[in-house]
Amino acid sequence: MKFTSFSAAALAAALLSGSTHAGFPDEDDSRLSLQLTRKLSNNDQKGKHNDNDNTIDLIVKYKNEEGHTFADSFDKNGKGRVISQKRHTETITAKINDMDKLKKDPNIEYVELDVERHAFPNMRGYEVVAGKGGRRLSEETPYGIDMVNPDSPTPRLQQGSTSIKVCVVDTGYDNDHIDLPELDPNTGGFSPYEGQSWSNDGHGHGTHCAGTIGAMGGNDKGVTSVNPDPTKFSFYIGKGLTDSGSGSSSGVMEAVQKCVDAQANIISMSLGGGAPTNAELEQYREHYEDDGVLIIAAAGNGGNSGYSYPASYKYVMSVAAVDSNKNKAGFSQFNDQVEIAAPGVSVKSTLPGNAYASWSGTSMATPHVAGVAALVWSHFPDCSNKQIREALIASAEDLGAGGCDNEYGFGLVDAKAAYDYLSNRGCGFSVGETLGGCNQCVECTSAPTSSPTAFPVCPDNEKYFKLSLETDNYGGETSWKVTSPTS
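Under our numbering, think of the first position of the sequence shown as 983, with each following residue one higher.
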């Protein structure tokens, strides 16, 4: 039988009732419920709803192998994929009515929707430029490159001696473009989408973003970039979005995981969506805190104060867009997670087919920041991802209201200023707590503490020891048992 719109909403509420999303407020469960309602209603209008074959894509985190086996038993198309064995997460396609069964199993930690993620271009000002035979002579330096790394009053900052790997998670990469580095077809990237290769960009968005980071300079072709010498940095490509410009949270997460596996230092994501997920939050925390990866994402093009994800996770730098006069773009999101700004209006860069285009969006601003991060990091390879992040925001050119604000974050990214910041401080400084956006503490130091109280003398045959614990499952892990290794 078909569901009506009313029954779709009721079913969505029932499926999500009692669900736990640690770290997210209740309104995010309402957002997920709304998304599920819309999916059910859309399918109802198309005549797709019935009790037997209505399915939905889910992300499942299981506690143990029993939970893994149980989750797999509900996968209806046999194409479920493990996102991370370490984090015990996978994506499956299950009947909607089975979602509640999964949630109630004691071996399942949580179940959530595999929400949509999409590119953030603003296509106004679209322009394609391709010369005869696909060649365009007389290389151009787009204004954004001059803005983030000017060549006056001092010479432009050149790339350092250490090669930094930048992973672009997007719609793919035109590996045959005359103005982009050619990557190894076997090891240069990854795509989770069947029949769609990372080395083919059917949309153009990923190729455009990659061009801002690393289009080749000095070749009298097209445009140059923040990192124009391909021998001094490298790309890895994660096709997190399909050729349509959209994809799934799980597809992006798989691409990001492959970036980390490929030893990427920086991940650039000009994409997002409105709903946060536990699985994403856990993944980005792990890659930022444990793997030392700097993660940068577009703030979003809604022109409002809404939060887009992954940019609004505190482990990710959220990038706003400005125009050539350093004014905030009208479409650029503004909120307390916006951390830094970069050129994002009428940005010229590469397109598939040896073409070039001027596009706008926070998508276009993001690769400027990723490119500058790679450029600066190449001079200071001993610095951590957190120190590079601090250098970028501490040295940014303040725009708008004094200090950090919701529209520009800490300000316009500045390559030479960030370089000078690290030249003065080195890589030995400590970094404050990770909070993200304007909450991110700059040049924070721990307050001095008084001398600890001395331990009392231990009885015979006993010793005191200090034990520090960090849980990755707060709320689920509330007690620990310490036993002797000889007992």
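Be aware that one or more of the hints could be misleading.
Stated by the list, open to error - With a Cα cut of at most 30 Å, we get these calculated BS3-like pairs of lysine-lysine:
{"no.": "1", "residue 1": "K1086", "residue 2": "K1147"}
{"no.": "2", "residue 1": "K1214", "residue 2": "K1398"}
{"no.": "3", "residue 1": "K1077", "residue 2": "K1214"}
{"no.": "4", "residue 1": "K1058", "residue 2": "K1083"}
{"no.": "5", "residue 1": "K1308", "residue 2": "K1147"}
{"no.": "6", "residue 1": "K1368", "residue 2": "K1214"}
{"no.": "7", "residue 1": "K1398", "residue 2": "K1368"}
{"no.": "8", "residue 1": "K1085", "residue 2": "K1147"}
{"no.": "9", "residue 1": "K1147", "residue 2": "K1045"}
{"no.": "10", "residue 1": "K1061", "residue 2": "K1085"}
{"no.": "11", "residue 1": "K1083", "residue 2": "K1061"}
{"no.": "12", "residue 1": "K1077", "residue 2": "K1045"}
{"no.": "13", "residue 1": "K1068", "residue 2": "K1058"}
{"no.": "14", "residue 1": "K1085", "residue 2": "K1368"}
{"no.": "15", "residue 1": "K1068", "residue 2": "K1083"}
{"no.": "16", "residue 1": "K1068", "residue 2": "K1085"}
{"no.": "17", "residue 1": "K1147", "residue 2": "K1398"}
{"no.": "18", "residue 1": "K1086", "residue 2": "K1058"}
To be verified - The calculated label-pair distances, taken between Cβ atoms and stated as ranges, are:
{"no.": "19", "residue 1": "V1064", "residue 2": "N1168", "range": "38 to 44 Å"}
{"no.": "20", "residue 1": "G1200", "residue 2": "T1051", "range": "54 to 60 Å"}
{"no.": "21", "residue 1": "N1307", "residue 2": "Q1245", "range": "36 to 42 Å"}
{"no.": "22", "residue 1": "Y1125", "residue 2": "K1086", "range": "30 to 36 Å"}
{"no.": "23", "residue 1": "K1045", "residue 2": "D1166", "range": "36 to 42 Å"}
Read the hints as simulated data drawn from the structure, not as lab findings.
From the three backbone atoms N, C-alpha and C, an ideal C-beta is built for every residue, glycine too.
Against the structure, the hints:
1. K1086 / K1147: 42 Å, violated
2. K1214 / K1398: 18 Å, holds
3. K1077 / K1214: Violated. K1077 to K1214 sits at ~49 Å, over the 30 Å cutoff.
4. K1058 / K1083: Holds - the C-alpha atoms of K1083 and K1058 are around 15 Å apart, at most 30 Å.
5. K1308 / K1147: 29 Å, holds
6. K1368 / K1214: 22 Å, holds
7. K1398 / K1368: Holds, at roughly 18 Å.
8. K1085 / K1147: Violated, at about 39 Å.
9. K1147 / K1045: 33 Å, violated
10. K1061 / K1085: At roughly 20 Å apart (the allowed maximum being 30 Å), K1085 and K1061 satisfy the hint.
11. K1083 / K1061: 20 Å, holds
12. K1077 / K1045: 21 Å, holds
13. K1068 / K1058: 24 Å, holds
14. K1085 / K1368: 36 Å, violated
15. K1068 / K1083: Holds - the C-alpha atoms of K1083 and K1068 are around 24 Å apart, at most 30 Å.
16. K1068 / K1085: 20 Å, holds
17. K1147 / K1398: 20 Å, holds
18. K1086 / K1058: Judged against 30 Å, a Cα distance of about 19 Å means the pair holds.
19. V1064 / N1168: 38 to 44 Å: At roughly 22 Å between Cβ atoms, N1168 and V1064 fall outside 38 to 44 Å, so the hint is violated.
20. G1200 / T1051: 54 to 60 Å: 56 Å, holds
21. N1307 / Q1245: 36 to 42 Å: 39 Å, holds
22. Y1125 / K1086: 30 to 36 Å: With Cβ atoms ~56 Å apart, the hint is violated.
23. K1045 / D1166: 36 to 42 Å: Holds, at about 38 Å.
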